[in-house]
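Asks: Residue strings, one per chain:
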Amino acid sequence: MTKPGVDLTPYLRQEMMPTVWCPGCGHGIIARGIATALMSLGLDMDQVAVVGGIGCSGRAPFYFEANAMHTTHGRALAYATGLKMVNPGLTVIVPMGDGDSMAIGGNHLIHAARRNIDITAVIFNNSIYGMTGGQAAPTSPLDSRSTTSPMGSIEPAFDTVELALAAGATYVARTTTFDFQEMPQLIAGAIRHHGFSVVEVLSQCPTYYGRLNKLGEAPDMLLYERDRTKLLEAFGPLPEITREEMVGKLPIGLFRDEERPEYVDQYHGLVARAGGGKHAS
Amino acid sequence: MTKPGVDLTPYLRQEMMPTVWCPGCGHGIIARGIATALMSLGLDMDQVAVVGGIGCSGRAPFYFEANAMHTTHGRALAYATGLKMVNPGLTVIVPMGDGDSMAIGGNHLIHAARRNIDITAVIFNNSIYGMTGGQAAPTSPLDSRSTTSPMGSIEPAFDTVELALAAGATYVARTTTFDFQEMPQLIAGAIRHHGFSVVEVLSQCPTYYGRLNKLGEAPDMLLYERDRTKLLEAFGPLPEITREEMVGKLPIGLFRDEERPEYVDQYHGLVARAGGGKHAS
Amino acid sequence: MKEPTLHYQQGDRQLSVQRDWCKGCNLCVEYCPSQILSLDDGERIVVGDISRCIFCGICAVRCPDFVFTLERVASPALAMGGTA
Amino acid sequence: MKEPTLHYQQGDRQLSVQRDWCKGCNLCVEYCPSQILSLDDGERIVVGDISRCIFCGICAVRCPDFVFTLERVASPALAMGGTA
Amino acid sequence: MLHDPLRVRLSGRGGQGIILAGTMLAEAAMEDGLYVVQTQTYGPEARLGASKSEVVISTREIAFPEVSVPDLVLCFSRDAYLKYGKQVTPEGFILLEETIRQELPDAKGHFLPFRRTARDLGNELSLNVIALGALVALTSAVTRESLRKALRARMKPEFLELNERALELGFELGGAVPQTV
Amino acid sequence: MLHDPLRVRLSGRGGQGIILAGTMLAEAAMEDGLYVVQTQTYGPEARLGASKSEVVISTREIAFPEVSVPDLVLCFSRDAYLKYGKQVTPEGFILLEETIRQELPDAKGHFLPFRRTARDLGNELSLNVIALGALVALTSAVTRESLRKALRARMKPEFLELNERALELGFELGGAVPQTV
Amino acid sequence: MRLVQGNEAVALAAVHAGCNFYSGYPITPATEIMEMMARQMPKTGGVFVQMEDEIGSIAAAIGAAWGGAKAMTATSGPGFSLMQENIGYACMTQTPVVVVDSQRGGPSTGLPTLPAQGEVMQARYGTHGDHEVIVLTAASVVEAYRMTVEAFNLSETYRVPAILLLDAVLSHMRENVEFPDVPVRERLKPVIDENFLPFGADAPFLPFGSGHHTVVTGMSHDETGLPKALAGQAVQRILKGVQARMERDAREITFYHELALDDADIVLLTYGITARAAREAVQLLRADGIKAGLLDLQTLWPFPDWLVQEKTRQAKAVLVPELNLGQYVMPVRAALAGRCPVQPLGRCDGELFTPEALADAAKALASSVEIGGVAHD
Amino acid sequence: MRLVQGNEAVALAAVHAGCNFYSGYPITPATEIMEMMARQMPKTGGVFVQMEDEIGSIAAAIGAAWGGAKAMTATSGPGFSLMQENIGYACMTQTPVVVVDSQRGGPSTGLPTLPAQGEVMQARYGTHGDHEVIVLTAASVVEAYRMTVEAFNLSETYRVPAILLLDAVLSHMRENVEFPDVPVRERLKPVIDENFLPFGADAPFLPFGSGHHTVVTGMSHDETGLPKALAGQAVQRILKGVQARMERDAREITFYHELALDDADIVLLTYGITARAAREAVQLLRADGIKAGLLDLQTLWPFPDWLVQEKTRQAKAVLVPELNLGQYVMPVRAALAGRCPVQPLGRCDGELFTPEALADAAKALASSVEIGGVAHD
Ligand SMILES: Cc1ncc(C[n+]2csc(CCOP(=O)(O)OP(=O)(O)O)c2C)c(N)n1
Ligand SMILES: Cc1ncc(C[n+]2csc(CCOP(=O)(O)OP(=O)(O)O)c2C)c(N)n1
Ligand code: SF4
Ligand code: SF4
Ligand code: SF4
Ligand code: SF4
Ligand code: SF4
Ligand code: SF4
Ligand SMILES: [Mg+2]
Ligand SMILES: [Mg+2]
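Residue numbers (the numbering used here), protein chains in the order written: chain A, 61 to 341; chain B, 61 to 341; chain C, 37 to 120; chain D, 37 to 120; chain E, 9 to 189; chain F, 9 to 189; chain G, 14 to 390; chain H, 14 to 390.
Simulated from the structure, these hints should not be mistaken for laboratory data.
Some hints could be false.
[Said to hold, decoys possible] Footprint (simulated), chain G over chain B, 3 or more residues, beta carbon under 8 Å:
| no. | stretch |
| --- | --- |
| 1 | 72–85 |
| 2 | 192–200 |
[To be verified] Quick list of in silico lysine to aspartate or glutamate cross-link-like pairs, DMTMM-like style, CA-CA up to 25 Å:
| no. | chain 1 | residue 1 | chain 2 | residue 2 |
| --- | --- | --- | --- | --- |
| 3 | G | 56 | A | 325 |
| 4 | E | 94 | G | 276 |
| 5 | B | 274 | E | 106 |
| 6 | G | 253 | H | 191 |
[As the list claims (entries may be wrong)] Estimated spans, in silico, between C-beta atoms of each pair:
| no. | chain 1 | residue 1 | chain 2 | residue 2 | range |
| --- | --- | --- | --- | --- | --- |
| 7 | A | 271 | F | 127 | 27 to 37 Å |
| 8 | F | 127 | H | 193 | 44 to 54 Å |
| 9 | C | 75 | F | 169 | 21 to 31 Å |
Remember, predicted model here, so these are calculated numbers, not experimental data.
Glycine included, every Cβ here is placed at the ideal spot set by N, Cα and C.
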């Protein structure tokens with residue numbers, strides 16, 4: 061039983077506090093968003109599994125009073141796939157770094173999306189590799205600085221949302237750590253959604269991204285996030301983005317929320333057809 | 061010097077003929093398409109490198125009278141990236157299987173597209189793993205049969221074109237082995253294009269896909285390809301696909317042909333800024 | 037060694053502060069509409085004049101470190117600034 | 037052991053056939069507009085009545101195995117069916 | 009039995025049913041109450057390249073599973089003959105597909121018209137069954153009844169009748185061969 | 009030198025400039041013509057967790073690069089003290105940041121107001137430079153001139169002047185400590 | 014009696030052992046295991062999933078184990094190399110999982126359809142960092158069946174990944190077999206109370222959703238599972254604990270066959286498919302008056318040094334034939350510590366050793382150590 | 014004199030050795046090599062590319078080698094495990110490439126900032142199939158520099174991947190150094206005529222675009238590079254050829270240091286960072302009257318059995334301390350074949366051995382083999 065109100069204590073693993081994250085790191089704000097979403101959905105934490113990869117963001121599973129798995133770099137979604145398939149009753153949430161999800165783990169992301177397996181990926185996108193000390197990520201904007209792009213990045217960034225949509229994710233949203241109201245709601249929507257959902261949260265890494273790109277401290281970075289994004293008709297499906305309106309801005313909001321046969325269900329259908337009724341479902 | 065006409069002999073490695081491919085396999089038709097494209101562009105084969113992965117399609121490099129590399133499963137684009145960057149004078153063509161490019165190699169594909177490196181990926185898409193004997197691929201249509209989906213596939217297929225577009229490829233086309241005129245032209249366009257280009261060629265695997273899905277022999281499969289596709293305003297950019305017109309059909313044609321800073325050029329710009337002029341460019 | 041949680045109350049609203057977890061990032065300080073938050077020498081959060089606190093909870097949602105909890109409690113109030 | 041390439045000529049068009057590489061897939065047979073192609077006992081391609089060949093090159097573009105080459109040659113013609 | 013263990017090597021191109029033939033032979037031997045091991049080797053090109061399937065049959069447990077020098081060899085293709093078909097024990101037999109005779113003028117062994125027989129029957133894919141029948145008729149490697157049973161167990165119902173006829177044609181083909189090399 | 013080799017351990021939280029301080033100390037020693045090895049250890053959390061930087065300085069080549077028991081210890085944080093700061097050679101010194109005194113009532117060593125000094129100077133980040141100055145003033149681990157030189161070599165021009173002042177303040181702080189433990 | 018293929022036997026044995034999760038990616042010569050599991054799992058209510066690659070396959074299998082499944086994946090060399098990082102994760106997190114590697118000629122794509130034993134060392138040392146695994150192998154279809162079940166059993170008991178090494182010949186070989194009834198170790202359900210330590214010594218494996226909110230991490234951790242300060246020492250204790258338990262039970266977990274060892278001057282020490290030629294070779298040698306014997310190991314790792322020492326006590330020389338350039342000969346040499354010559358015999362051209370080749374090598378070895386026999390010219 | 018960090022020395026050495034291609038993916042404790050190369054390569058006209066993962070990194074490096082570059086990548090355990098498949102490709106295709114692995118505590122994520130030597134066996138046997146590699150290591154910043162250059166040189170000479178093993182301490186350690194002028198082996202340009210065999214014995218490495226249309230494949234192939242029938246035998250010949258050439262040149266390619274071995278009863282056999290504590294330990298032991306000596310290897314593989322035998326001839330016992338649970342002790346034992354006791358000493362908790370700990374272990378060993386010394390209580 062969870063207490064009413066906004067006391068997140070039952071959702072957080074007290075013994076692991078304080079977190080490892082740096083002062084002002086946005087990852088804590090996202091973790092709070094996930095906890096808030098879990099609370100608002102009233103989920104039984106015995107039946108929640110949080111599966112992370114490696115990175116500052118990958119440490120998130122440690123902070124939830126749930127079944128928690130801290131796997132290898134980039135592979136969390138593959139671990140989560142096995143877990144979810146044998147134990148479909150678990151609500152599986154996968155906090156991922158931008159490098160974790162789109163550099164080394166890009167393939168598992170698009171395949172999970174293609175299968176439409178009922179897992180919620182929350183991408184902690186700070187535009188950099190935080191854990192290893194500030195190298196470029198596939199999400200680092202062109203010309204941004206990092207320790208491996210000291211003269212400015214010459215590689216364009218992925219658009220996570222477009223990639224997730226193209227790969228077949230059925231719930232796709234982007235928000236920021238500035239948007240403390242929308243963010244937990246979008247995550248809650250993603251958890252509720254039956255199918256593969258991706259919520260990209262633009263997060264601040266004051267220690268590396270902020271410092272290397274002279275964006276100031278955490279409070280400054282929140283404003284930076286506010287100013288470089290524009291909300292598109294939030295909380296409703298938004299199939300087409302009119303690019304001209306958005307010049308210089310990243311769209312945020314809910315980009316897709318669509319039902320399509322879910323993978324575990326599909327598999328259970330197969331089991332039924334094969335006569336293997338023993339399977340728990 | 062190449063002879064005029066359509067004598068492809070100088071482009072083909074005679075000593076490796078006949079190919080390993082099965083009777084009626086579409087891969088030979090695509091290989092012919094690539095050779096035709098090379099001939100039509102009059103390229104010096106000393107300066108052409110064909111880099112393949114593993115699979116029936118991965119054997120393609122053996123059949124070109126060029127610098128040839130048969131690498132590991134899924135990794136050809138990463139090999140090609142290193143090769144192209146140190147030797148930008150080489151025209152680098154990467155024949156890939158659908159499994160090779162989108163199962164194990166999916167990540168390298170989207171990252172090559174993101175970087176927009178001047179490499180041409182030709183995807184030999186036969187909707188199945190041919191080399192290993194007919195297992196499902198991420199391109200196998202829902203409900204199609206394979207040895208690992210004997211009761212019909214429960215996983216939706218990737219749309220290669222959408223994925224390539226979302227990842228940032230600047231030249232994206234789809235054609236079939238039935239379309240013997242358009243196919244070499246689309247490939248030639250891709251090779252000419254300065255940036256990352258993807259040409260997906262729907263190909264027949266009579267041995268496995270055809271047999272397991274009761275689609276008949278190679279001649280029958282060519283007709284099947286013809287009938288399940290619809291050409292969309294070919295040879296011109298086609299940014300938006302009206303889905304309703306296409307019900308039950310796969311669009312073929314040229315979907316994007318766009319200039320965007322190319323990665324090797326970008327890197328050379330960086331070298332110039334860093335004062336490392338020694339680099340050959 | 038964990039410092040006890042501080043509890044502040046106004047009507048049925050209670051603001052709890054777990055100072056131990058504070059890392060001194062200044063986010064709450066900048067966003068508190070009543071401007072009553074500041075950092076001490078050890079760069080830990082200090083709640084200043086609580087009588088000016090409007091119990092809005094902004095500090096809680098802005099803090100990356102779960103330092104603040106704002107909730108409504110039904111039970112009779114604890115003494116302001118008392119410990120749990 | 038490589039079988040010599042067969043050459044057939046009509047005007048400046050020459051159709052060359054490398055039978056060794058044929059795998060008997062039937063694609064050319066089905067697409068030849070003149071229906072002069074067939075497979076022998078060993079499932080290798082046989083060009084039948086070459087006088088009915090229209091030198092269209094369809095066989096060449098349909099064959100996955102590079103068996104046929106249709107090109108225009110400037111040199112004087114070889115004897116039909118001769119070997120290279 | 010010619011030899012105990014009896015070592016049989018079936019060879020041809022991928023796609024010619026070599027492995028299925030080996031499996032059926034092995035199943036027939038099992039049916040006869042014998043020990044049996046069947047192995048197979050193919051090139052990296054699963055199809056087209058020369059491939060072989062070997063069956064060792066014995067009244068005793070079989071240790072080494074492959075065949076160094078076979079007692080019986082069947083070759084469907086030129087490449088297979090060159091790679092696997094040339095050697096045989098002194099008392100052994102080599103059976104070859106007739107259509108490869110012109111490509112192998114010097115090959116020793118019995119050329120039999122497996123392919124023609126299959127074509128006459130209207131099913132090219134019965135090649136392997138016909139050859140298996142011939143091999144068994146010629147050598148009594150296993151009993152005919154066991155081989156019939158193995159065939160029934162392996163074939164899809166829709167192809168069974170055709171292949172049963174193929175097997176009998178094979179028995180006939182093999183029965184007609186003079187028992188000398 | 010207190011001891012040859014002289015073993016110095018600087019410890020604190022990630023982000024407190026421990027490693028840079030170690031590097032500058034090592035560079036100063038090098039400038040003095042000595043052999044030097046600097047090593048560093050931090051937890052898996054690169055920041056916040058306790059971290060240390062060790063410098064071994066000697067007139068002879070240095071074999072073992074780490075420090076088992078240090079001659080000099082500097083601690084900026086409570087965790088660092090608990091993990092790395094408790095042990096020192098009999099003739100050695102422990103320097104501690106004053107603001108952690110209340111958290112460590114039983115800690116032995118000299119508490120010095122590094123942080124307050126830095127804040128007064130207007131640059132919290134000079135903490136490490138001030139402490140380094142104090143440590144050198146107190147122990148003559150390296151010459152002051154060499155340390156000044158090392159500082160000039162490492163600091164970005166825009167921060168140099170400030171840090172030069174910090175260093176001198178550190179020398180003063182250290183100079184004022186009574187030379188007994 | 015049934016005619017069963019090696020790969021088929023593995024799949025059937027897995028089902029018998031309670032395997033209810035298979036994830037994989039096709040590769041010759043292991044593919045048939047996957048194809049068989051694609052049919053078997055839906056029928057028995059288990060899960061089959063084809064992953065995007067081998068990294069995903071092993072990851073999903075480990076994830077499934079924590080979901081409560083007995084999980085397996087199968088591959089061959091290239092895929093086995095790709096799995097290494099996450100096999101290490103299973104070691105660190107003490108996750109029971111079974112990995113089958115059907116060896117083909119290597120390195121790289123090598124000889125993809127031909128047999129080899131090139132992964133004998135990789136199976137033990139392929140992942141970074143220190144760790145223990147169990148590695149079994151087999152020489153016949155029945156043995157493939159038995160060892161698959163044992164792989165599941167041992168991985169459950171010791172909470173380590175268990176690796177089964179096959180080869181291209183065995184994977185594709187058919188034999189008429191009667192499957193033995195190999196006992197299956199069921200997973201124990203621990204009592205969960207305040208003091209439950211999910212990574213405590215001898216703690217049974219407790220999957221997710223059982224009430225205890227276990228934290229599983231590939232970082233060093235203590236018995237609670239949490240990555241605390243000084244976890245380096247804690248995890249060393251855990252890793253050494255696993256090692257010690259396997260050492261304690263060495264006799265139970267070491268499977269082997271022997272032939273004519275009692276008076277053997279020359280011992281052929283083999284594993285996997287080579288044992289079959291060796292059995293015939295011993296007969297050939299005995300017929301020639303050379304006292305040869307065979308020690309054939311099914312348990313390759315942990316290395317049974319005690320057994321190798323015991324069984325070669327009477328030997329004048331040991332021959333170690335391998336389908337590689339000489340790998341397992343190293344621990345054999347280390348174990349025998351010069352007690353007698355240990356002669357490697359390697360090949361990596363995709364062919365098996367014939368009985369004759371082994372007999373010849375053994376004869377040469379015998380004459381080099383001056384062991385009499387019937388004279389031959 | 015400069016104060017240089019271990020990782021920095023590797024990057025500087027690579028540039029000195031002619032490295033003009035670096036591809037990588039960040040990982041502690043190797044990242045600084047990459048960060049340094051990100052600055053160095055553009056300045057020297059070379060190529061730097063950050064790949065999407067370590068698989069891509071090694072693949073790009075091999076591709077770059079065939080494009081004509083001297084190529085390097087650097088990583089740590091998890092990334093090293095991921096690179097294994099494609100390291101095998103470099104072996105099979107005889108591609109010179111340098112791979113640096115800075116070892117941290119394992120398995121899995123382990124102790125990501127702390128030193129270890131857990132990849133000593135993996136570096137040799139980590140990829141599937143049979144193959145040869147060269148593995149070097151270092152104990153100081155100068156040695157890291159020297160061994161990096163030698164890694165490039167040896168990988169050129171023998172056309173194998175050369176692996177350099179560092180550890181977290183050495184990678185991050187700073188020392189004042191004067192870099193030696195290590196000679197660099199330039200790539201030979203072969204004469205290309207009709208008879209040129211790109212994979213012939215001793216054939217120099219010929220990159221693409223040089224006129225010969227080389228075919229490079231990870232499948233077995235003959236000296237032309239083409240995967241022909243019977244390539245199994247052909248490739249066995251190639252692989253054995255590489256092995257034989259390295260064996261022939263064993264004395265040139267084996268780098269080591271020795272200390273007080275002449276009369277040493279107890280030999281400490283070390284590699285990497287442990288050598289530094291061992292040097293002090295030898296002094297402590299000698300001071301205690303125990304005749305101890307040190308054999309410190311920089312070339313780990315091919316295993317220098319001849320050297321180990323030679324240098325321990327006089328020894329009564331050998332101690333092999335390793336930052337792992339005992340890996341390299343196995344080939345040492347195999348090489349010494351029982352000539353004297355070989356004692357492992359392992360730890361995997363992220364700490365170094367101190368000189369005192371080594372001295373204590375050596376004393377215990379000495380007393381167990383009854384070697385006199387000054388009596389102590
Ligand atoms: C296989 C492997 N490669 C590299 C690393 C090193 N590594 C740890 S975290 C990380 C990237 C972290 O970036 P991101 O995923 O964006 O997470 P963040 O730290 O920014 O939250 C890397 C490269 C690793 N642990 N494993
Ligand atoms: C790491 C690795 N995993 C698996 C394989 C086995 N394998 C070879 S080709 C192939 C798939 C081939 O399918 P595709 O890429 O579609 O090419 P096709 O044969 O259909 O042309 C697989 C799985 C391998 N060689 N390496
Ligand atoms: S390094 Fe960046 S991402 Fe990592 S904890 Fe610090 S601020 Fe957050
Ligand atoms: S298996 Fe399929 S894809 Fe492969 S060669 Fe045969 S027909 Fe072509
Ligand atoms: S509740 Fe509102 S007013 Fe009170 S301290 Fe927090 S932010 Fe400030
Ligand atoms: S936001 Fe939280 S961590 Fe930051 S200063 Fe305020 S209380 Fe401390
Ligand atoms: S050229 Fe045309 S007409 Fe002649 S054989 Fe070919 S397809 Fe038939
Ligand atoms: S298309 Fe080519 S391979 Fe097929 S039958 Fe005709 S000639 Fe032969
Ligand atoms: Mg990040
Ligand atoms: Mg395919």
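Asks: Evaluate each hint against the coordinates.
Replies: Outcome of the hint check:
| no. | hint | in the structure |
| --- | --- | --- |
| 1 | 72–85 | violated (count 0) |
| 2 | 192–200 | holds (count 5) |
| 3 | G:56 / A:325 | holds (16 Å) |
| 4 | E:94 / G:276 | violated (41 Å) |
| 5 | B:274 / E:106 | violated (32 Å) |
| 6 | G:253 / H:191 | violated (42 Å) |
| 7 | A:271 / F:127: 27 to 37 Å | violated (20 Å) |
| 8 | F:127 / H:193: 44 to 54 Å | holds (47 Å) |
| 9 | C:75 / F:169: 21 to 31 Å | holds (27 Å) |
Checked against the numbered hints above, the structure breaks hints 1, 4, 5, 6, 7 and satisfies the rest.
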